[in-house]
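Work out the full structure: start from the sequences and follow the hints.
These protein sequence lines map, in sequence, to chains E and Z.
Counting along the first sequence from 1, when you hit position 293 you're at 293 in UniProt numbering, and nothing is skipped either side.
Counting along the second sequence from 1, when you hit position 128 you're at 128 in UniProt numbering, and nothing is skipped either side.
These are calculated hints, taken from the structure and not from any lab test.
A couple of the hints might just be wrong.
Claimed, not checked - Quick list of in silico lysine-lysine cross-link-like pairs, DSBU-like style, CA-CA up to 30 angstroms:
1. 132(E) with 285(Z)
2. 278(Z) with 195(E)
3. 195(Z) with 277(E)
Number of protein chains: 2
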Amino acid sequence: MTDRILEFLRHRREKGLDSGPCLVVDLDVVRDNYNAFAKALPDTRVFYAVKANPALEVLSLLADLGSCFDCASVVEIEQALAAGAAPDRVSFGNTIKKERDIARAFALGVRLFAVDCDAEVEKVARAAPGAKVFCRMLCDGVGAEWPLSRKFGCAPDMAPRVLEHAHRLGLEAYGLSFHVGSQQRNPRMWNGALKAAAGVFRELAERGIVLQMVNLGGGFPTRYLKRVSSVRTYGDAIFRALRRHFGNQIPETIIEPGRGMVGDAGMIEAEVVLISKKSDDDELKWVYLDIGKFNGLAETMDEMIRYPIRTDYDADPREPCVLAGPTCDSVDVLYEKEPYPLPISLEIGAKVLIEGTGAYTTTYSAVGFNGFPPLQSFVI
Amino acid sequence: MTDRILEFLRHRREKGLDSGPCLVVDLDVVRDNYNAFAKALPDTRVFYAVKANPALEVLSLLADLGSCFDCASVVEIEQALAAGAAPDRVSFGNTIKKERDIARAFALGVRLFAVDCDAEVEKVARAAPGAKVFCRMLCDGVGAEWPLSRKFGCAPDMAPRVLEHAHRLGLEAYGLSFHVGSQQRNPRMWNGALKAAAGVFRELAERGIVLQMVNLGGGFPTRYLKRVSSVRTYGDAIFRALRRHFGNQIPETIIEPGRGMVGDAGMIEAEVVLISKKSDDDELKWVYLDIGKFNGLAETMDEMIRYPIRTDYDADPREPCVLAGPTCDSVDVLYEKEPYPLPISLEIGAKVLIEGTGAYTTTYSAVGFNGFPPLQSFVI
Chain E
1 MTDRILEFLR HRREKGLDSG PCLVVDLDVV RDNYNAFAKA LPDTRVFYAV KANPALEVLS
61 LLADLGSCFD CASVVEIEQA LAAGAAPDRV SFGNTIKKER DIARAFALGV RLFAVDCDAE
121 VEKVARAAPG AKVFCRMLCD GVGAEWPLSR KFGCAPDMAP RVLEHAHRLG LEAYGLSFHV
181 GSQQRNPRMW NGALKAAAGV FRELAERGIV LQMVNLGGGF PTRYLKRVSS VRTYGDAIFR
241 ALRRHFGNQI PETIIEPGRG MVGDAGMIEA EVVLISKKSD DDELKWVYLD IGKFNGLAET
301 MDEMIRYPIR TDYDADPREP CVLAGPTCDS VDVLYEKEPY PLPISLEIGA KVLIEGTGAY
361 TTTYSAVGFN GFPPLQSFVI
Chain Z
1 MTDRILEFLR HRREKGLDSG PCLVVDLDVV RDNYNAFAKA LPDTRVFYAV KANPALEVLS
61 LLADLGSCFD CASVVEIEQA LAAGAAPDRV SFGNTIKKER DIARAFALGV RLFAVDCDAE
121 VEKVARAAPG AKVFCRMLCD GVGAEWPLSR KFGCAPDMAP RVLEHAHRLG LEAYGLSFHV
181 GSQQRNPRMW NGALKAAAGV FRELAERGIV LQMVNLGGGF PTRYLKRVSS VRTYGDAIFR
241 ALRRHFGNQI PETIIEPGRG MVGDAGMIEA EVVLISKKSD DDELKWVYLD IGKFNGLAET
301 MDEMIRYPIR TDYDADPREP CVLAGPTCDS VDVLYEKEPY PLPISLEIGA KVLIEGTGAY
361 TTTYSAVGFN GFPPLQSFVI
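Given below as structure tokens:
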């Protein structure tokens, strides 16, 4: 929560423009976060994960600051280019790409692609001849609040074959990537993956293929309710692990922060629509907001991300509440298994401020589920 | 799957308009479904649940057929009115409403509102004086594939007080509603709720308040992989339960089908983007489509809804596959806990047809998660 955001919201309310939940993103915080990454990992190039928040103002600021961009689709590539990034600062980081989308990215000048299997290598070889590829490896996501599945990446012992296949098909076998899990709270989690990466580097070197780059992925956390370590702590832990496994031959490195870059730059203002009990002897209150899983807070799925919530009543005593969204969908409940403590004095019509919502909110919004519009967003 | 849908898709492909996943809805099926409901429950008014699919063509057809509309928001009310429904055929069925939205609905002519607590009654009394209200009761959702939580409704023994409160505040205490759970496969599930409803009718009659209406909710299933009973079977079971609990004084009734009205009227065509294995000794293939949880198939959440999938390779032997969507989000996996049997010969680039997708697909689509556009929709 920043003074600039609070000032913006106050002004919006005074103008009578206050017509539903909205996200406000403070670019000053994004700038500070970029500089913190650049300082904590000075020899690492930053590829901002566009999917976290593709607002043009955010991308333009980061392009100006010198950031590169990790893109999940051709649309995101176009957004990064429109924000001023040259195509050599763009990575097509999705391992699942239509061949015609690879061709479109190649035509736009993109030369760096993620792969995790032979079939994807073959698509890239056909549609983006001579491009650089990095192979994504599976990685244990223990310690992450938004866990990764086996969806992306191959087993580390399969990676050499995939990269050798790329090499044979005329691509540049450029490096490896992994992802330790979004909102990863343990800075030491990069160690195991880097050990595996160093093994793949050695194995391919023995076959005459010299990899150049390790993509350290994202996973850098933003502050929600629990304290997280500083970016500096992460940078130090990663550098130590690089030294441990690569010795004096530390490769080129890339990071792909998304949540860590914009999460704490944004705050959502929402409204209490209803407070009720289900029966007279019910101990839990239900508090319904005008924002829920389908218009911005999708990451409350399985109650994984627990956002800090501020109200004007925070000096008062609290009681555990079930917190739910406004739609007629029964899964549109934010916190129920672990009820959320809210002020007993909270009233229908009150505003609530939901912090740490700069990442993974706007783009998750449904186009119009139950007729509710997507989350509005303002970048200041 | 209908011939008209297949013909439309063939034509679209021949015209080269085939640029991503799309839903095609056949209005002939919607018409048949409406007529089946009208026939199975001849004394019951149909309030189509707009949230299931608010396409203008669907709403217009249903308005012409005489349907009423269950709306979750002011936007949905406006959609129903734009499709030709008079406001006396509209119910504002969401129990969670901003007071200013109740006032807007009232100004548009809506006179029927759902409530489930005193606070909501008070909002309706202020913003829609004299309107009819029905009180939603909690109902056990056993047997439903899309389970209902305690989010909507109050305990049946609280309902008389809520309706009495409405009566005292000058509203018309009109009736009760409940919802037996979406995709409810047991036609006898209405019995217990109707028993409770009859009890509330009696209790309020003793206090001089005569309720008129029971809103039987939705829950009518559409055919996915498992066989479901006919609408007629549901109608018979409901009528028997009404007779059992209300005797000769059967109240006015309403149903709110959504999935049962449009689910089997729609089919999605999608494309296989990638097929891979995670390691050489992996037994499971991963099959990635260009549609996933964030651009149409949100109801695969927790693998709850299991859609029938057709391919051109269906004569060939099958093997269990993990089925996933195209985004860089690890939760964008459709079926993994229970892998989906797909033809061994299935290839990258092949089209797949996903049946039963007329309901709860388009409006769940994210505005642009990972840069992927929302699901396209065609109504024919």
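Tested hints:
Straight-line distance between C-alpha atoms of residue 132(E) and residue 285(Z) comes to about 26 angstroms, which keeps the hinted pair within the 30 angstroms bound. A hinted pair counts as satisfied when its Cα atoms are at most 30 angstroms apart, and residue 278(Z) with residue 195(E) qualifies at roughly 19 angstroms. Proposed proximity of residue 195(Z) and residue 277(E) is supported: the alpha carbons are some 23 angstroms apart, at most 30 angstroms.
Of the numbered hints stated above, none is contradicted by the structure.
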